[in-house]
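Trainee: Assemble the whole structure, with the sequences as input and the hints as a guide.
Letter by letter, the sequence shown follows residues 1 to 560 in full-length UniProt numbering.
FYI, nobody ran anything at the bench for these hints, they're computed from the structure. Check before you lean on any hint, since a few could be wrong.
Unchecked claim - Below, computed lysine to any residue pairings styled on SDA-like, alpha-carbon distance capped at 25 Å: (1) LYS134 - ALA75; (2) LYS514 - LYS475; (3) LYS413 - ARG401; (4) LYS194 - ASP16; (5) LYS215 - CYS275; (6) LYS194 - GLU116; (7) LYS64 - ALA75; (8) LYS215 - GLU265; (9) LYS475 - GLU490.
Note that the structure is predicted; figures quoted are calculated from it, not measured.
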Amino acid sequence: MEETRPPPQAALSLCDSLVIWLQTFNTAAPCQDVKQLTNGVAMAQVLHQIDVAWFNESWLSRIKEDIGDNWRIKASNLKKVLQGIMSYYNEFLGQQVSEELIPDLTQITECADSVELGRLLQLILGCAVNCEKKQEHIQNIMTLEESVQHVVMTAIQELMSKEILSSPTNDALGELEQQLKRALEDLQEALAEKEELRQRCQELDMQVTALQDEKNSLVSENEMMNEKLDQLDGSFDDPNTMVAKKYFHAQLQLEQLQEENFRLEAAKDDYRVHCEELEKQLIEFQHRNDELTSLAEETRALKDEIDVLRATSDKASKLESTVEVYRQKLQDLNDLRKQVKTLQETNMMYMHNTVSLEEELKKANAARTQLETYKRQVQDLHSKLSSESKRADTLAFEMKRLEEKHEALLKEKERLIEQRDALKETNEELRCSQVQQDHLNQTDASATKSYENLAAEIMPVEYREVFIRLQHENKMLRLQQEGTENERIEELQEQLEQKHRRMNELETEQRLSKERVRELQQQIEDLQKSLQEHGAKPEGESKSSHAWRHLICAYIRPAN
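Mentor: Right, dumping it as structure tokens:
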């Protein structure tokens with residue numbers, strides 16, 4: 001009645017429950033809380049106790065113990081522990097661990113995350129319940145508190161469900177797994193009922209205690225009332241007194257309390273009987289729990305046998321398929337030998353054809369090399385010829401232009417000579433008029449009279465001066481007009497020379513192109529004659545000639 005109640009199931013997390021389970025191994029390293037487990041030393045020692053053959057001394061010596069606050073060494077230890085657990089699952093147990101169950105070691109090392117540490121401890125729990133000494137570890141789990149047992153069983157069920165989802169199944173394995181799942185569900189139901197019955201018994205114990213306290217208080221009150229009754233015996237003779245009335249009233253209350261006490265005693269007896277029945281049911285549930293545990297162990301052993309038989313069956317099916325393949329290959333061997341003979345004959349024929357084609361290819365390569373050499377030589381000669389032709393045309397055009405310029409200069413010289421003669425005549429006339437004017441001023445009257453008669457016969461002096469001036473202006477205007485016309489003529493002649501030069505260049509290019517076309521046509525005719533001469537050769541040679549035609553067309557196309 002006085003034992004303490006275990007903490008409720010929701011109060012203990014997965015990590016806390018597994019830490020309590022981990023303390024049952026009595027490791028040298030401390031494992032009382034989460035921080036003491038972040039270095040990985042205690043977990044490595046627990047794995048060594050779980051399976052000494054797999055997690056041997058050499059593996060355990062790789063775990064460094066003197067760590068302090070060095071998080072790098074902690075991370076290294078945790079990584080080694082996780083690698084050992086994964087290899088144990090994959091190689092020893094033949095199971096694949098789900099990605100959801102793999103913890104994040106960085107969170108454990110840096111933040112001491114209880115969730116990630118709980119995942120790592122859950123994997124260690126899986127190693128314990130699947131190793132050779134699993135019965136011993138399960139018995140240790142059954143000695144824990146009810147809430148811790150419930151959390152550990154839930155962790156085992158989750159781990160097994162994840163393993164079942166990640167591994168291949170067949171009909172028999174699926175049925176056994178369903179039975180195991182039902183057994184675990186029954187075990188959980190039994191644990192839940194056990195917890196409910198324990199709580200109910202505790203409630204009944206509390207009620208019985210309360211009733212006993214109430215009974216004791218009533219007994220003490222009854223004794224007090226009896227004492228008062230003894231003291232007031234003398235005053236009970238007179239019923240009209242106040243004491244007698246109180247006595248009767250108290251007696252009625254006492255009778256009522258006695259009836260209530262009898263009723264409570266009967267209820268207490270009923271509760272005691274009910275508690276005995278509940279205890280019997282609890283014992284039956286414990287026996288059923290033991291039976292389900294043994295059934296789970298048998299199921300796990302059958303699962304291991306099924307895994308071995310499945311591996312043997314897979315191996316046998318592979319061997320049967322291999323034998324069938326070898327039998328089929330043996331049957332096909334004779335056909336392959338015949339095909340090899342046929343292929344050898346065909347190969348010999350192809351070899352002869354290949355030799356002949358290689359000879360033709362060598363000839364074609366030599367001819368192609370020679371053709372490329374001729375092509376480069378012809379291109380060089382054509383480039384030289386075109387440059388020389390352009391140079392000759394340029395020189396001829398320059399010579400023609402110089403001749404025309406020479407003729408123009410001669411004409412200009414004649415024009416200037418004529419203009420010089422005209423200016424000389426004008427100058428002489430002006431000089432004569434000036435001399436005549438001076439002479440007229442110096443002569444006497446007689447001479448003047450005779451000269452006037454002579455001038456009157458010829459022309460008046462004023463008219464003559466006006467005439468000479470007008471004639472001079474006429475010549476100047478004519479010379480100015482001729483200069484403007486000469487400039488226009490020179491511009492037109494320059495444009496005409498440019499047109500002639502461009503025309504000569506185009507004529508030169510056209511002549512060179514015609515010569516190039518004639519040469520290429522001659523080459524095409526020669527190549528066609530050579531192809532016609534080789535027209536009666538085998539199919540391989542016709543293919544090479546067809547390739548030559550493509551080569552010739554590719555050679556001619558850029559030239560055109």
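Trainee: Quick one: which hint numbers does this structure break? Sort them smallest to largest.
Mentor: 1, 2 and 6
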